[in-house]
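Undergrad: With the hints as your guide, set chains B and C onto chain A.
The lines below spell out each chain.
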Amino acid sequence: MFERIWRAAIAPLVAAAAAILISSIALLISGNNPVDAFVEMWKTIDSTAAVIDIINTAVPLYISGIAVAIGFKMNLFNIGSNGQYILAALVAGWAGAEVSLPPVLHVLFVFAVAMTVGGSWALIAAVLNVTRNVNVVVATIMLNYIAVGLSAFLLSEYFRDSENGGLVAQTKVMPESARIPPLDPIFEFFGFDFGERVDLLGFLPVAIALGVAYYVLLNRSLFGYELKLSGMNADAAQSAGVNPKRMVLITLFMSGAVAGMIGLPFLLADSDFYKYGDAFPVTLGFTGLGIALLGRNSPVGVAAAAIVWATIEVATRRLGSLGIPPEIGKILQGSFLLAAVIAYEVVRRRNDAAAAEAAAAATREERTPPPTPEAAPIGATS
Amino acid sequence: MSATMDATVAKTERPPLISSQRWRLVALVMVGVAVMSTARIISDNSDLTSSGTFGVALRTAVPIGLAGLSGLIAERSGTINIGLDGMMVMGTIFAGWWGWEYGPWMALLGGIIGGMMGGLVMSVATTTFGVNHIVAGVAINLIAPGIARFMASELFVGVQGGSVTSSPGNSGSMGSFTMPFLSGGELFGWQTPDIFGWFEDTGWFMIADAAGFMKGMTTDITWDVMLAVGLFFGMAYFLWHTPLGLRLRFSGERPSAADSLGVSVHKMRYLGMAISGGLAGMGGAVLVLFANRYQENQVAGRGFLGLATMIFGNWMPAGTAAGAGLFGYASGITLRTNPEDLVNALFLAAAIGLAVTAMYMAYRRSASGAGTVLVFSLLAFWAYFAVKEPNNQLVFVTPYVVTLIAVTVGAQRLRPPAEEGIPWFKGMQ
Amino acid sequence: MSDTGGASTGTASTPIAIQLTDIVKRFPGVVANDGVNLTVRQGSVHAIVGENGAGKSTLMKTLYGAHQPNEGTITVKGENRVFSSPKDAIADGIGMVFQAFMLAANLTVWENIVLGQEPGTKLSLNANEARTRIRDLGERYGLQVDPDALISDLGVGEKQRVEILKVLYRGAEILILDEPTAVLVPQEVDALFASLRELTEQGATIIFISHKLDEVLKHADAITVIRQGKTVGEVPDPSTVTSHELAEMMVGSELPTPETRESTVTDQAVLELSGLTVGAADPGGRDPVRNVSFTVHRGEIVGIAGVEGNGQSELVRSLVGLLPSTGTVLVDGRDIAQLSTRERRDAGIGYISEDRQKDGLVLGFTLWENAALGHQHRRPFAKGPWFDLGGTKDRAEVIIDEFDVRTPSINVPAFTLSGGNQQKLVVGREMTAEPKVLVAAHPTRGVDVGAQSVIWDILRDARAAGLGTVLVSADLEELIGLSDRLLVMLRGEIVAEVDPSTVTPAELGSYMTGATTGVH
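Chains as they are written, first to last, in my numbering: chain A, 1 to 382; chain B, 1001 to 1429; chain C, 2001 to 2520.
Keep in mind that the hints were calculated from the coordinates and are not lab data. Mixed in with the good hints there might be a few duds.
Footprint (simulated), chain C over chain B, 3 or more residues, beta carbon under 8 angstroms [to be verified]: (1) 1068 to 1074; (2) 1246 to 1253; (3) 1414 to 1427.
In silico lysine to aspartate or glutamate, EDC-like type, Cα no more than 20 angstroms apart, as pairs [unchecked claim]: (4) C:LYS2212 - C:GLU2179; (5) C:LYS2358 - B:ASP1201; (6) B:LYS1426 - C:ASP2178; (7) B:LYS1426 - C:ASP2088; (8) B:LYS1426 - A:GLU163; (9) B:LYS1426 - A:GLU357; (10) C:LYS2383 - C:ASP2346.
This structure is a prediction, so every number in the text was calculated from the model and none was measured. No residue lacks a Cβ here, since even glycine has one placed at the ideal position from N, Cα and C.
Isolated chain A (complex conformation) (with noise of 0.2 angstroms):
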């Protein structure tokens, strides 16, 4: 057991040695102390609230990372994520402030009019894929481009909230019944008090029961196992029977409904939005690929690594005020990934290795015994 925590810790660690290596040279080369950097940062998320804060900044990450880990696990890469989600969070701000529905339908129809934009829209690369042979990552990335164009025509033109004089471009406030509730008061119920000034946000188990259909999905189901298939070997699944259009337009279609789902923490959850609009987070999805990356497309993998992500997020809020560069968590970041998906490359090869050493250790003494003795000898045919 141990032994297996080890090996699933060891990549990670050398690349967060990497990181903290790379961004201190960083650092030093911009003028800056980085131990004074790194204590700032220490002192930053040694907080309930900060990791309250963490965990928040979190969830939509994760849901982020989760909706491009569906595609990565049979290699379709839906690098346009981030124009599904925008797309979505418009539409459902939209059409969800637009509706008047009993609560929980509320919040349900949201979810559903989010999910099918996203999903629809990475259906558009889907379809252009298995009809005209498009590439998956060139059409996603296209689309992305064009759903920001064209949310920012929708809501300029259509679903802008003219009541507040039409000068901010942002759809209406969601009403009381599509919001979800902070996580506080159920804490509080077991004596954990977070304070006044900071909420758990109420999409926390959203993000939980997300992940834990995906795992049951990927391992539990016929979907996950052709999935999976798919993914390592693309002939072999087709010779097993899978359609491969199928899947495309299936995963696809996933993908982009779970990246619907990115901004609705946003929308439904969090008081400081319950709209879209000129504030609201727009690179979350590219963000995403590299939290799927960086958790291996596995359900625990993308929740650690989100919550890594968070934390440098969160942790470089204050470095401004040493006059340190908060951009330096970026570089934090960024060299953690790099480092990390080679340091995954060169241990899965040791394992290989390994596991190879090993069968044929385990195989060696009994040898393939010669033929049947009333074998004629060769030639006999001819």
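TA: Below, chains B and C without anything else, positioned relative to chain A:
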């Protein structure tokens, strides 16, 4: 869904109308000019094919084309370079920095070096460590903007005219060249006649458009653009007419064969990625030179547009250049004075062009192709008539839509290098 | 075998070209070569025989500098050599033709040949000089080929010629050929050795790897036998041994035979093809399979013979629904021609693909995951939309036991198994699903004799139990031995039907090349 696959489409197809490849190309160009000219006359928008538009188109095509060439050389050597968008970003930040400190030529050099560093870092991951090429490329794309932002905050913040999102501006500009006699360039201080300009002003069907194109290609061409165009020829020569080029292509087609003859596949892949990164970085530098400063998000996915041009161009320099021209044109018109009107006229040109393509595809009996293209054509007609004043947010997406349509309509029997994207180590078959 | 170790006349006096002494080569988990000795005389055709996995290819790659030995010495013409890369070996006049052709399909013949030693300057590749030199070489050694042809347009024989030209272009005097005859018909084999003989007469030395003993005895001047990584016999004069004795040395006992016993053919048709045509992938290209019709009965093995690239592969792939086709395909009277791969498998088609590592297995999957491959949607692997881990693992254990797959457990990834055990897993998986029709392509390619004999037994037993089998193989012994009927494919069509009980490999070969036609 039955198990029928792409090959069924091919079976019933008719051969092309014109069998000679050279004449087919000539016919294609003629049809293209005719379509554009028709659209110009019907929409009454002479800027659709004016020399000014084509000049801007060339200018905007160059970064995309360099990105395409960058992708081409990387993939020819066996590495799928999704990370070239990030390498362009590296190019922009270095070009912005050196351009501000040392002037435009150093901006170009800085861009190349910045991009090359990105290419080499990616090659360490893909070539030496065998990381999945798309994974490594995505990582590079995520890292590069972070590095750029960090560098910008260190370099430009607190400087007059600079900020975390913008460099203070290049010191000096590069200078340009106009062809004497044909486009009215100066010769030893003497203003020569402007023959293309005269034809352009006549407004004659096809002739004015062709002249507008020629004048656009030969007027006020900056040296970086000229250098980029020269690089297309240089890279084509390198790949197909030098021993090193042959070895590089082998590393993408059959690395084990190269290795069995003593050619180092890893060296070739590093070389490919160094050149690829350099070209992408140069593309970024050209953007900086055009805007005269570094700006955050300046690249805006041009690396991916470049990859699309490379696929559109079937991994060949000429095809990539053609694709870059098309996408550059679509980007370029959004920079003209009345982009809304131009985009509207472009809808018409696209509608006519796609309709012609659909008819040809129907003749070739490619049902799925003709159907898809016809749908696009009808959409474009609808857009032309319905959207008289396109919203400027929609104008912004034009190059991406054009790219997407082009790769959808374009050649379906693509031939990428046979073993690209597969990590290779000694001893592999 | 020491009794054959005595020097024979003629070769003993000629100088030694290559001497390998006590070569040891280890890979993770395996000792591929464990003290191999080899002596090759100049101007001779030297055969290295041994079964799959004996370490022949490893030894030759060592000699070619493709990898370095852990122990032992290499001497070329009396001088000690250390080859750190193929470049060094090439510089010493050694060239190698690999078993899997080392050719870039999308490039031209001349590009493939000159790579690494290009004519012209660093800044300019002289294509014309390349063409001229290749034509000259071709004329000199009788190996003509168009320098500007694309490799993808060439047949197997031509590709081999390109490979040999590649080696000659580098001025090699010592040629290593790894299983050069594996994909050739007997006539082509004779032509190949005629060319090689031509080369030795001009001073070259040939080393070739084979496990076809008849061919070795017919063409080699000397033989070295390798078994389990060790030299177990040296035969300076092949006329002193029989193939029986060679087989003894090779595997420690007699070689298995694919021969079937009494006929189990019934008159119930289980697979009926009529007018099956597979369209060309490129417009204007030739249809790879044209108008093929035949019937397979219960308990019958129908063999398909043909030179590689004559449509057998496409026929097999279209039968399992991986390539679109026209015409009818009846399984037990039901037309499956329009069905998908999955539906065809459900209709009772089992499939052993021609390359287990390409699409027969997922090398990174565990054995139990592989056990479900192709049947994953059925019991015991699936329960509705769910994947049944317990059922799958139980079935995997059954396959491992019944089909003698040697593995420490079902939880190891498939890449850890030897080729023979991988193939037994594939065959076992398909057989356990109890198909009505088995489509088997090269079922014993690249496996050791033990696995080969197990797989032949499985196919024979299934035949006796009523299975109808379509068998495609490049191994003519296997085809003749196992088949009840033999069809010959040439350029996508069935051109002959022959009786395996009377036909010889040479006769079959002449049908396959089109030299003999018509007999039905």
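Undergrad: What are the numbers of the hints that this structure violates, sorted from low to high?
TA: 1, 5 and 8
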